[in-house]
Amino acid sequence: MNSYTPDEMMIVCMARELQNNDIAAQGLTTPMALVAYYLAKATHAPQATIMQLAGNILVHIDEPRRISILYNEFRAMEKAVHQGTQTEVYETLFKRTDSIIEFFRPAQIDKYGNSNNSLIGKDDAKIRLPGGFGIPDVSPLYPRTVYYVPRHERRVFVERVDYLGGLGVEAKAAKTRRQIRVVTNLGVFKVDADFGSMRVHSIHPGVSPEQIKENTGFEIPIPRGILETTPPTDEEIGLIREKIDPLNIRQLEILSGEERTKTLLELLEKELAEKP
Amino acid sequence: MSRKLVSSKEASKIIKDGMRVAVGGLTIHRKPMSLIHEVLRSGTKGLRVLTLGGGPDVDLLVAAGAVEGVEAAYVGFEILGFAPNFRKAAETGRIKFTEHTEYSIMAGLQATAFEAEFIPSKLLMGTDILKALGYKIFDSPITGEPLVAYPRIVPDVTLIHAQRADQYGNAQVEGVTAIDLLLAKASKKVILSAEKIVTTDEIMKVPSMTNLPSTFVDAVVECRYGAHPTSCYPYYTYDLWHMISYLESAKTGKIDEYLRRYITGLDSFESYLDEVGEESRKKIEMQR
Chain A
1 MNSYTPDEMM IVCMARELQN NDIAAQGLTT PMALVAYYLA KATHAPQATI
51 MQLAGNILVH IDEPRRISIL YNEFRAMEKA VHQGTQTEVY ETLFKRTDSI
101 IEFFRPAQID KYGNSNNSLI GKDDAKIRLP GGFGIPDVSP LYPRTVYYVP
151 RHERRVFVER VDYLGGLGVE AKAAKTRRQI RVVTNLGVFK VDADFGSMRV
201 HSIHPGVSPE QIKENTGFEI PIPRGILETT PPTDEEIGLI REKIDPLNIR
251 QLEILSGEER TKTLLELLEK ELAEKP
Chain B
1 MSRKLVSSKE ASKIIKDGMR VAVGGLTIHR KPMSLIHEVL RSGTKGLRVL
51 TLGGGPDVDL LVAAGAVEGV EAAYVGFEIL GFAPNFRKAA ETGRIKFTEH
101 TEYSIMAGLQ ATAFEAEFIP SKLLMGTDIL KALGYKIFDS PITGEPLVAY
151 PRIVPDVTLI HAQRADQYGN AQVEGVTAID LLLAKASKKV ILSAEKIVTT
201 DEIMKVPSMT NLPSTFVDAV VECRYGAHPT SCYPYYTYDL WHMISYLESA
251 KTGKIDEYLR RYITGLDSFE SYLDEVGEES RKKIEMQR
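Heads up: the protein sequence lines correspond to chains A and B, in order.
The numbering used here numbers the first residue of the first sequence as 1 and each following residue consecutively.
The numbering used here numbers the first residue of the second sequence as 1 and each following residue consecutively.
I should point out that these hints are in silico values taken from the structure, not numbers from a laboratory.
Hints should not be assumed to be uniformly reliable.
[What the hints assert, rightly or not] Listing some non-contacts, in silico: residues in chain A with all C-beta distances to chain B over 10 Å: (1) 137; (2) 164; (3) 209; (4) 228.
[Said to hold, decoys possible] Straight line, CA to CA, 27 Å or less: simulated DSS-like cross-link-like pairs of lysine-lysine: (5) A:275 - B:282; (6) A:262 - B:13; (7) B:96 - B:251; (8) B:45 - B:13; (9) B:283 - A:122; (10) B:88 - B:122; (11) B:251 - A:262; (12) B:205 - A:79; (13) B:96 - B:136; (14) B:45 - B:4.
[Said to hold, decoys possible] Here are the in silico distance ranges between beta carbons for each label pair: (15) A:248 - B:45: 53 to 61 Å; (16) B:141 - A:266: 57 to 65 Å; (17) A:81 - B:280: 32 to 40 Å; (18) B:271 - A:82: 37 to 45 Å; (19) B:45 - A:81: 44 to 52 Å; (20) A:122 - B:146: 40 to 48 Å; (21) A:21 - B:114: 27 to 35 Å; (22) B:114 - A:78: 48 to 56 Å; (23) A:228 - B:256: 51 to 59 Å; (24) A:272 - B:146: 47 to 55 Å.
All C-beta atoms, glycine included, are put in the ideal place defined by N, C-alpha and C.
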């Protein structure tokens, strides 16, 4: 077995959420989500349709694609079968609600699966985030909502979100059959209406239950004998590293601050050298 | 069809203090930056800016003090992170930020475009975003279920950058089309800048590509690299290097210097492109 990084473990878990006849919707620049879609297409979900915001288009992909920062829109357009608008993207989401899969990255997610990308903090000392964009609109409609959190920590996993954007399972508007998944660097978590609050679905190899408890800002039940996440296969790792993201653009979702800017500039130079 | 080709300075006279100005494109894609620069040079104040996803357009307008309010579903630089001037102004209350979602913007514009007073829908019910929008909830006359009334959104002027257009404003928009066509339909006036002004014969070759017809357009301006530093498929990708240095200038308190050097201290967008330099443009150029 190959060694693998936490982001690769996450990408594989995300890809496994995609089913063969799904329509995968990609929102704003989210490299890990795009790698996961392409990986699923190249493995167990070859029939999946990909709808990319970059171009408001449907793309037809019959071989593993490479992701890009600099040429994201251009690479998508190369494979476009249809040029639409964002209104039409929404019309597709409404018509095909049951087969849509979309990976959302929340700034906060709580015990009940509510998410927040709007405001952090109460009263005066608030941090204004870029915004929820489409998450509050569509997430409660989907029977399956998948969130991903590259850094599982207490400030993300909170008892109650500071501001209610994407609704969890307790809300009346939510469909009762809804399943919310949260893929993190520590494990895969689930929220459904039956149980009402977040539970562990599986723990990644090498992660302890204590680590999860320490980094989660609410009580989370971890039954004995909980499932261990199936590690990535050699094929999956090979596809990620060699075909889909050989420059390791995905690491941008893990890094922060100065280190992230430095890595970003290096990646841009590499991409520039390969200008199509 | 009447000819609408004017200079960007002439076109910007349509925009008056306090107007609700909608901006096309999305985040770091196909923003009408040359028109934004013209607004900044004209010294217009108190604008209320509306856009689906804001990026350098919103951040610059806020930095220059041209804006009183912002309405958007997202404001940021995507992979580059926060929009620093917007964020600071929203946090300190210097501007009024109205957080929308994609749906609340599209529904409001759809209502206007289709001559409805509002669009009734269940979406967003129960969220703090809807609470802050303050939209009315009423019982459906059909099912009795509670519904949100998404009221009309009517921009005074919409700014759009298209890939190509003729002198009448028959335009072709490609790549991230976002909600530009809907904005144009709902807006009282539309100023269009185009990367290339082409002949009407050229437009007639593939009429199905004309997704923004002249009937929705009031003024047309030609501007190459008119979306810089955002992208304009298929001609150039976004200038992330320029945006990184912009963000750096905001972080180090040098935003006024940036504004003078690149916008307010210059006489035209062409001078801005000279200041950016040919080498930088070469880097992002994809197709002439």
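Results for each hint:
{"no.": "1", "hint": "137", "in the structure": "violated (4 Å)"}
{"no.": "2", "hint": "164", "in the structure": "violated (4 Å)"}
{"no.": "3", "hint": "209", "in the structure": "holds (33 Å)"}
{"no.": "4", "hint": "228", "in the structure": "holds (33 Å)"}
{"no.": "5", "hint": "A:275 - B:282", "in the structure": "holds (11 Å)"}
{"no.": "6", "hint": "A:262 - B:13", "in the structure": "violated (42 Å)"}
{"no.": "7", "hint": "B:96 - B:251", "in the structure": "holds (22 Å)"}
{"no.": "8", "hint": "B:45 - B:13", "in the structure": "holds (13 Å)"}
{"no.": "9", "hint": "B:283 - A:122", "in the structure": "violated (44 Å)"}
{"no.": "10", "hint": "B:88 - B:122", "in the structure": "violated (33 Å)"}
{"no.": "11", "hint": "B:251 - A:262", "in the structure": "holds (16 Å)"}
{"no.": "12", "hint": "B:205 - A:79", "in the structure": "holds (23 Å)"}
{"no.": "13", "hint": "B:96 - B:136", "in the structure": "holds (20 Å)"}
{"no.": "14", "hint": "B:45 - B:4", "in the structure": "holds (26 Å)"}
{"no.": "15", "hint": "A:248 - B:45: 53 to 61 Å", "in the structure": "violated (46 Å)"}
{"no.": "16", "hint": "B:141 - A:266: 57 to 65 Å", "in the structure": "holds (60 Å)"}
{"no.": "17", "hint": "A:81 - B:280: 32 to 40 Å", "in the structure": "holds (34 Å)"}
{"no.": "18", "hint": "B:271 - A:82: 37 to 45 Å", "in the structure": "holds (40 Å)"}
{"no.": "19", "hint": "B:45 - A:81: 44 to 52 Å", "in the structure": "holds (46 Å)"}
{"no.": "20", "hint": "A:122 - B:146: 40 to 48 Å", "in the structure": "violated (28 Å)"}
{"no.": "21", "hint": "A:21 - B:114: 27 to 35 Å", "in the structure": "holds (33 Å)"}
{"no.": "22", "hint": "B:114 - A:78: 48 to 56 Å", "in the structure": "violated (35 Å)"}
{"no.": "23", "hint": "A:228 - B:256: 51 to 59 Å", "in the structure": "holds (56 Å)"}
{"no.": "24", "hint": "A:272 - B:146: 47 to 55 Å", "in the structure": "holds (53 Å)"}
In terms of the numbered hints stated before, the structure departs from hints 1, 2, 6, 9, 10, 15, 20 and 22, listed from lowest to highest.
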